[in-house]
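A.B. asks: Here's the letter readout for the chains.
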Amino acid sequence: MNPSLPFFVLASLSVFSALMVVLSRKPVHSVLYLIFCFFTIGGHYLLLNAQFLFAVHIIVYAGAIMVLFLFTLMFINMNKELEPHKTNLIKVAATVAAGCLLIVMVGVTKGAESLAANSTRTDVGTVANLGKALYGQYLLPFELISILLLAAMVGAVLLGKKSVE
Amino acid sequence: MNSILQYIPLNYYVALAAIIFAIGVMGVLFRRNAIIIFMCIELMLNAVNMLLTAFSTFHGDESGQVMVFFIMAVAAAEVAVGLAILVMIYNNIRTVDVDELNKLQG
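Going down the list, the protein sequences come from chains A and B. Using this note's numbering, you'd call the opening residue of the first sequence number -16 and step up by one each time. Using this note's numbering, you'd call the opening residue of the second sequence number 42 and step up by one each time.
None of these hints come from the bench; they were simulated from the model. Wrong hints could be hidden among the right ones.
As a list, the in silico BS3-like pairs of lysine-lysine whose alpha-carbon atoms are at most 30 Å apart [as the list claims (entries may be wrong)]: (1) A:Lys93 to A:Lys115; (2) A:Lys9 to B:Lys144; (3) A:Lys74 to B:Lys144.
All chains, full assembly: derive it from the sequences and hints.
C.D. replies: Structure (structure tokens):
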């Protein structure tokens, strides 16, 4: 079997599901395609030997963020298509603008020579190595993240509850 | 266990991340539903995360993956607050269409 085959299968699935997030008409279908896209990106993490990130990605995105999105969609009850679509001119303009951005971003890598991996380490993404980095070199940002999450939690509860007169 | 980067040049990952990022940008410009715009922002964040992981594995340096971890935490906070704001907007004016949210324009 061609060893690069998993990359191409996962990459085509990611691009397809990302396109369907934008193009599908019902918001619930968009969320389901987004979940699928997140799982394919998790597959890319596994291919890149980042086991810890794979686990965190599945827990945070498929576990928490998707539940939030689905809950909000069900709460607002937008399964029926009430979204008026933009005019065709704006759609064409958006596609052309995104295409130009893509051309620029791919174009800047065009002159670079094709690179193969210059590191033979395969244990970079293990829990042990990342834990040493997180609790050593990056201890202060790691603790600040907890304050950020606490502030976000308080803010979300404050916004979500009915205002008391 | 070998990494996929033995077989795949790094340019392919750059191109894939650029494609997913551009799809996200297209979605932000394209749709009027604020929830879908949030999803497209998540898509862009994920493209960047994947590219950071690819470069981290490529260089054999764990700093990139630590940054991905921080980006995930910030993304989770952003989604929680953003969706709470959307629910509040919906409770007040019964729509999440971004073209209707024009009260602030002068």
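A.B. asks: Can you name, in rising order, the numbers of the hints this structure does not satisfy?
C.D. replies: Number 1 only.
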